[in-house]
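2 protein chains.
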Amino acid sequence: MLKIALGQMEIIPGRPDVNTAAMLQMMNAARQQGADMIIFPEMSVPGYLLGDTWEQSAFLRDCEYYVQQLINGTSSGIIAMFGSVAVDWNKRNNDGRVRKYNAFFTAQSGKLLGGENYPYPFRIKTLLPNYREFDDDRHFYSTQKLAVELGIPVAELLRPIQVRTVHGPLSVGCILCEDGWYDDYAVKPAELLAANHPLDLLVNISSSPFTLGKNNKRNRLFSRQARKLGVPVLYVNNVGIQNNGKTVYTFDGCSTVYNRAGAVIAYCPAFTASMPVIDLDTAGGGMSRPAVAVPDDSGIDTVCQAVRYGTVAFLRSIGLERVVIGLSGGIDSSLAAALYAHILPPAQVLLVNMPSQHNSSTTKDLAAILASRLGCPYTVIPIQEAVDLTTRQIHQAELKATGQFQSLTLSPFMLENVQARDRSSRILAALAAAFGGGFTCNANKSELTVGYATLYGDQSGCLAALADLWKHQVYALAQYFNEEVYRDEIIPRGIFTLPPSAELSPDHAVDEGKGDPIIYPYHDYLFRAFVERWDRATPEDLLTWYLAGTLETEIGCQSGLSQRLFPGPAEFITDLERWWKLYTGMAVAKRIQAPPVLAVSRRVFGFDHREAQNGSYFTAKYLELKKQLLG
Amino acid sequence: MLKIALGQMEIIPGRPDVNTAAMLQMMNAARQQGADMIIFPEMSVPGYLLGDTWEQSAFLRDCEYYVQQLINGTSSGIIAMFGSVAVDWNKRNNDGRVRKYNAFFTAQSGKLLGGENYPYPFRIKTLLPNYREFDDDRHFYSTQKLAVELGIPVAELLRPIQVRTVHGPLSVGCILCEDGWYDDYAVKPAELLAANHPLDLLVNISSSPFTLGKNNKRNRLFSRQARKLGVPVLYVNNVGIQNNGKTVYTFDGCSTVYNRAGAVIAYCPAFTASMPVIDLDTAGGGMSRPAVAVPDDSGIDTVCQAVRYGTVAFLRSIGLERVVIGLSGGIDSSLAAALYAHILPPAQVLLVNMPSQHNSSTTKDLAAILASRLGCPYTVIPIQEAVDLTTRQIHQAELKATGQFQSLTLSPFMLENVQARDRSSRILAALAAAFGGGFTCNANKSELTVGYATLYGDQSGCLAALADLWKHQVYALAQYFNEEVYRDEIIPRGIFTLPPSAELSPDHAVDEGKGDPIIYPYHDYLFRAFVERWDRATPEDLLTWYLAGTLETEIGCQSGLSQRLFPGPAEFITDLERWWKLYTGMAVAKRIQAPPVLAVSRRVFGFDHREAQNGSYFTAKYLELKKQLLG
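Top line first, the protein sequences correspond to chains X and S. Everything in the first sequence is counted per full-length UniProt numbering, starting at 1 for the first residue and increasing by one. Everything in the second sequence is counted per full-length UniProt numbering, starting at 1 for the first residue and increasing by one.
No lab work stands behind these hints, which were simulated from the structure alone. Don't take every hint at face value.
Treat identical chains as interchangeable: a pair holds within one or across any two.
[Claimed, not checked] Using 16 Å as the maximum straight-line C-alpha spacing, the simulated EDC-like pairs for lysine to aspartate or glutamate come out as follows:
(1) 188 - 156
(2) 514 - 10
(3) 214 - 156
(4) 364 - 511
(5) 228 - 571
(6) 91 - 183
(7) 100 - 184
(8) 214 - 116
(9) 111 - 532
(10) 364 - 281
(11) 514 - 281
(12) 111 - 17
(13) 188 - 95
(14) 626 - 577
Everything numeric in this text was worked out from a predicted model, so none of it was measured.
Required output: the full structure, derived from the provided sequences and hints.
Below you can see the structure in the form of structure tokens.
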């Protein structure tokens, strides 16, 4: 039996020093537990999401320095597999910068293995993902490009590494992350490796960001792969968070071992650093261990786990120990309060209600009840005086130009935004500074999609932890916090039953049942179709489905809803165009200046959803359909 | 002589309808001027920078519809070359989405040419740039990938298109943008085309964003290419602006014809839509036309042209006709005022001075003088009352928690940010709404680099038109506006001689010569080395240069400056670390929420400079060097 340690570590992005120290420590620990081999994740030395730090030669040299330390560390007798950047200082990338590879290193007895039948003593990532948040192709040279440069077939660059173990020699296929997700690629690395060489083991080192339900998919895929190739597959992923500025990703780990029949025989828990040492009968394809069941990762419990984990890690990463939350009495800020009060000592979460003349005593009372149940410091800072001052200053401003005077007026709509900005930029920002922390952005994904939030107002903050959740997920998560996290009605029932409302004008009077113009049971799903569908839905698609009677099935909302909401096509079209124009118009401008969003879904605003401020567009076919309908 | 129209059009990104209408009109006009052929830029139908709009199947079908209209349009007798997306609905990209190419279409007599010896009746872009702001590889399939998929050499997919003209057949090499910039690629499309086929003409259709000095480089490169291949090169680029959210690019056009000896024989003016019809003796390689001189594009006059053009086009693109500018009496906001008052009617530019107790009468007077010289509406709205109210509200807030009371205090530093946010988020935003416009962000690149600006304060606004200019470029451009644009001292002399200062505290008292902690004649260049160097400079590089005595040469500042500023290495290091920590620390957090920046340089903050909020890092070698020096 080969004893293999799965090094599911927390990687700190951009910190080769810290990561290397942790890895050396884990190598020692694994050795002490009798492990023959330890496997670390992809880019375990530098981290994966580093932006353009890869363009700093000094940083690359630094990574080389730490890689050498790890190689030296294998003198103790353990075999180490790990990921880092590899640099060929004599060659260029396509951008003219020095040649870089996303590399898989295998070190034994103080030396790198695998150089005897390959251009380098390491393996490189073949498939470089360049979609969603992935950017590999920007910095790293692929096997395909190297093959073209060397004038050889790609298959010649896919060779296993021969490892000597106390149990005999082992032929290990060494691949990186996307190399195992090859369905849509012309080159299929794992299959080429297995087709042309005897293989005892396929090792996939990954740095694979969490999205809801991804581990289920991963298990289906890698299980099929192990079965097809007839070898055990070892998948090692990191935990922690990494970001690319606009988007913050959690990494769930979930490192897993599959036997040659595709059954899971071991896995690490999600979102937890761990280092199990697994006995693997490599000769028998891992068949001597019993199969184990893997928990589902697509439910609200996983959402809760990811959001908590990501928020904790983000606060730690920027050194924030105290937060201020504007508590309106609505569901979003209530959930934010429940979340932060759970992950920080309640005394470090300052809750503040900031009423203007439009806030009802209903919501003010609910906010106070929630604050008292959470045991957080709580205060009320009214904004009406400042709003009145702003109004007066704008109305009294004398615009002098060549002897003429003009005056200006703030409309009721403008005053809504004045209130929102007053709360965030005037009160929350100052309060956060004085409290020694940051303030949170409590926006949800529905609001962010159509810009139903004020720039420098409720759209601001240091992290938008809930902005990848649709409104119905916000409700579900709030309920989960009550039922499963606090096991008590911490968020008062009244907050769940209240109509969602911004309370910025008499049109938003919650006690009269008034509130947001977004009808969440329908628009949540409409917006999701805009944003998250693999083939993004546009008005053309939506109108086509509406006419075909398949709209609800396509977007996944309650059946019959569009019939109930819209008397006819004219009303359906008015609603559709209103939100499409906002989504592709003003909301883009707002998102450009939005805080970082914590990722949960397969399509997060920020770096995962690239967008230009180009305004709204309707296709020729849409306009024709509309004309046919409305004459 | 072949009569060729260079279709240097303004492309509206995301508007196939508008672009196609413009192209059809230009085809008619060109035909009327006797042109045999018209050449439009790359992606002339859909536009180039569209974010993930490429993931909308309805949009792709729409592009196909408009491409067909253009093909039909060639029935009039003109040959049309143009760019658009081409879709192969039966194949997949690597991300699993439908196969898309960045394609070069050649149409004649209502049909597409070139399908007889190629998988498609169009040509596709071979080199897909994936650096700086470019993202081609995210959406489009390359010639290399297609060659691997088809199992044939890349060269077989590089074939000219045979065009029948009244002057006989013509073999045209059809390439797209990056295909002509192949120095760092293993595949060299233009050379392969010419090596394997007789070629009469090389046509490069581009959508090439402007950066300072790029046209100089383009001319050197394409001139060398024409000479090497021995054929005339026609380069057609668009004008207009396109953006990817965080970064706004101008397109300078500068479409150019080179004869086979590499001399420029015709070019279109920069930043101007135009459609010259050129007589080209294709048989003689274009040698019958005299060479012409091309103006340099690296000076402050070009900066001025680009900034004006980009700002005008951006305002038009978002439908903004009125702006509000906070006028402090400092150089940045003065330049902003001079810029906007020049491109909009002065009555549509509202200038506002917002003094607190810390603003000097010197700057207040200078602001008033500038406003009066510009003839813009001007007003003064003091913020002290609101700042005092905020202070009082924070200080008086009672933080209740489990019976205890806490109170909070705003420090003088916090009050600096309170002032900045009060100006922007409370006054400017409300004023802009009431005035019916937006407000400008006047930040420069030095400030943005180290976050010397307040979030939701002076870092906010709808466009940061000057944020790709270092402080010394701001001064130079301000002087250029006085001397060459207004030809008058519109920006008072006193604004140039004042110490740069935020005037947010007694420490910033300009009349006592106090001001910003940034020493621009040195730090402008230090920061530029962090951001703009091809190999990004880090503390390790900078300290190494400092010790070697080559610092000033390497970063390009005045020689001897570091000696004068820093008594010794300890002071040099303290300064270096201070700014590096800000650049890679808090400034990243601020830039994530910064407004769109108008691009001028080869490295713009936003989408061109990818960064993660990972905190500061010092390499092992830097720490060792520092230890050696400081003990």
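Cross-check of the supplied hints:
1. 188 - 156: within (13 Å within a copy, 23 Å between copies)
2. 514 - 10: So residue 514 and residue 10 fail the 16 Å test inside a copy (47 Å) and across (46 Å) alike.
3. 214 - 156: Cα proximity of residue 214 and residue 156: none, with 32 Å in one copy and 40 Å across.
4. 364 - 511: Answer is within; shortest intra-copy Cα gap is 12 Å, inter-copy 48 Å.
5. 228 - 571: neither (53 Å within a copy, 63 Å between copies)
6. 91 - 183: between (31 Å within a copy, 13 Å between copies)
7. 100 - 184: For residue 100 and residue 184, only the inter-copy Cα distance (14 Å) is at most 16 Å; the intra-copy one is 24 Å.
8. 214 - 116: neither (37 Å within a copy, 44 Å between copies)
9. 111 - 532: Intra 46 Å, inter 38 Å, cutoff 16 Å: neither.
10. 364 - 281: Answer is neither; intra-copy 64 Å and inter-copy 80 Å both fail.
11. 514 - 281: Classified as neither: same-chain Cα gap 66 Å, cross-chain 73 Å, threshold 16 Å.
12. 111 - 17: neither (20 Å within a copy, 61 Å between copies)
13. 188 - 95: between (26 Å within a copy, 14 Å between copies)
14. 626 - 577: within (11 Å within a copy, 61 Å between copies)
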